[in-house]
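K.L.:
In case you want the letters, here they are:
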Amino acid sequence: MIDLKNADPHFKWETIKKEGGKGLLKCFGCSDCAASCPVRYFDERYNPRKIIRLTLLGMKNEVLSSPFLWFCAHCHACTERCPQGIMVADLINAIKNYAVEQGYCPEAYKLQLDLLKRLGRLYEVEDFDLKKRQRLGLPPTDKTIPEVAKIVEYTNIIKYANSKPQVPNTNQDDSSCQEKMEKE
Amino acid sequence: MKLQYYPGCTLYTKAKPLNTSLHACFNAVGIELAELPHWYCCGTTFMLARDNRMSLIAPLRILAKAQQEDGKVLVPCSICYNTLKRANYMLKENTEVLDIINEHLEESYDGNEIVLHPLEFFRDNEELVRSKVKKSLQNLKVGCYYGCLLLRPQQEIQFDDPEAPTIFENFISSIGATPIDFPLKVECCGAYLVVNSPDAAVEASYKLLRNAQDNGADVVVTTCPLCYYNLDALQGKMKKAHPDFKEIPIFYFSQIMAIALGMEEKKLGLEQNKVSPYEILKEYNLL
Numbered sequence: 001m002i003d004l005k006n007a008d009p010h011f012k013w014e015t016i017k018k019e020g021g022k023g024l025l026k027c028f029g030c031s032d033c034a035a036s037c038p039v040r041y042f043d044e045r046y047n048p049r050k051i052i053r054l055t056l057l058g059m060k061n062e063v064l065s066s067p068f069l070w071f072c073a074h075c076h077a078c079t080e081r082c083p084q085g086i087m088v089a090d091l092i093n094a095i096k097n098y099a100v101e102q103g104y105c106p107e108a109y110k111l112q113l114d115l116l117k118r119l120g121r122l123y124e125v126e127d128f129d130l131k132k133r134q135r136l137g138l139p140p141t142d143k144t145i146p147e148v149a150k151i152v153e154y155t156n157i158i159k160y161a162n163s164k165p166q167v168p169n170t171n172q173d174d175s176s177c178q179e180k181m182e183k184e
Numbered sequence: 001m002k003l004q005y006y007p008g009c010t011l012y013t014k015a016k017p018l019n020t021s022l023h024a025c026f027n028a029v030g031i032e033l034a035e036l037p038h039w040y041c042c043g044t045t046f047m048l049a050r051d052n053r054m055s056l057i058a059p060l061r062i063l064a065k066a067q068q069e070d071g072k073v074l075v076p077c078s079i080c081y082n083t084l085k086r087a088n089y090m091l092k093e094n095t096e097v098l099d100i101i102n103e104h105l106e107e108s109y110d111g112n113e114i115v116l117h118p119l120e121f122f123r124d125n126e127e128l129v130r131s132k133v134k135k136s137l138q139n140l141k142v143g144c145y146y147g148c149l150l151l152r153p154q155q156e157i158q159f160d161d162p163e164a165p166t167i168f169e170n171f172i173s174s175i176g177a178t179p180i181d182f183p184l185k186v187e188c189c190g191a192y193l194v195v196n197s198p199d200a201a202v203e204a205s206y207k208l209l210r211n212a213q214d215n216g217a218d219v220v221v222t223t224c225p226l227c228y229y230n231l232d233a234l235q236g237k238m239k240k241a242h243p244d245f246k247e248i249p250i251f252y253f254s255q256i257m258a259i260a261l262g263m264e265e266k267k268l269g270l271e272q273n274k275v276s277p278y279e280i281l282k283e284y285n286l287l
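Here the protein sequences line up with chains A and B, keeping their order.
For the first sequence, the positions run 1 to 184 when our numbering is used.
For the second sequence, the positions run 1 to 287 when our numbering is used.
Hint data in this document are derived by calculation from the structure and do not stem from the laboratory.
Across the chosen pairs, the derived CB separations fall in these ranges:
#, chain 1, residue 1, chain 2, residue 2, range
1, A, PRO139, B, PRO37, 17 to 23 Å
2, B, GLN154, A, TRP13, 27 to 33 Å
3, B, LYS282, A, ARG53, 52 to 58 Å
4, B, ARG130, A, ILE151, 48 to 54 Å
5, B, PRO37, A, SER163, 43 to 49 Å
6, A, LEU111, B, ASN139, 50 to 56 Å
7, B, THR13, A, CYS30, 39 to 45 Å
Every residue gets a Cβ at the ideal spot worked out from N, C-alpha and C, and that includes glycine.
Work out the full structure, taking the sequences as your base and the hints as a guide.
P.N.:
In structure tokens:
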């Protein structure tokens, strides 16, 4: 059940300000996006319409802390079929950016950011790679690229990603909901 | 005749068979593919970072470089095609961003480079293709799988109808094989989910392969290296999850074309297929 007591009326306006978020208000909830979504066939709990609806209602915690936000494969099936012409994949992306800003960054991305900060690369160059390059007649490459690391630092993204969620997470995640249902 | 082409990273690594067979096909129709000098990664994650001007730098530099050589560039990889074409669209629509990036890079790109997919080229030169066909593939029923990136978002890509495209079927008929239409030909194969949630990709790919088989396809043909990987390499896992699943060989469009043009086997790169294509090809006397 949705308890609107915790809803944040500013949430949708904040989301619209993000790049890609401007289509949000056009949604009239026809569920074409959810019906087109290939991820939804695999996991019923992923539902683009639900994410959009909750955003419009202002359920900030539920939306930003939801692990399903990160399931989108960017196949653009929803974008193509939306009768309101909303770029749904871009909208989901805008909400993802918002989530990271508010301290809800998935662990995998934090690890990647850490690599970028330390090495300026997403893949560590090891002796094996250097040998392979030599075999192919390529010059040796630097193990770290400080310039890239600097750019990452300037963007402040690491600060955002490692910050604690700004709103206390009162959200019951879906797995615990499911357990409850099973018990009943 | 020479045609400028941008291979992209995968054509030199995972998708080598696409590269070799495509070269063979173009040579057979009398066109030499001239590789863009000093090319680099197209940026690939364009679709994930619309707000970021930085992600437009790589595509712009490639397009600017290509424009210096020739007015159009052939891009065989679906992901590169999507990235370059969407970037081109954005730069053309938003001249402000174009000016800013141009200024930083000291390039003078105007947004007019034509990005061309091999299927578009073969569509425009259909008679040329027909005249070079040597082997009859008439009995081979080919499921034409488009994937997402060639078609969507249609406004920016303008490749074909996003829900009911026909360019692939027409291509398959022009090389003499029988195209099979199946409802899930434009559905997603699971794409990058293979990294984080492989089960999701296995299910998505299984569903569409099953759909192709139910509609009578002997083989499935695709253009995209990522779709190719998901459809081909995940079939072992599909079999584990669904024991009644029968394996189906996957080809690049250029491999099927090279077979029709009577190329020798070593130019096809068939040895890299995870699901063996030899049985079906022998059954129809195509090897």
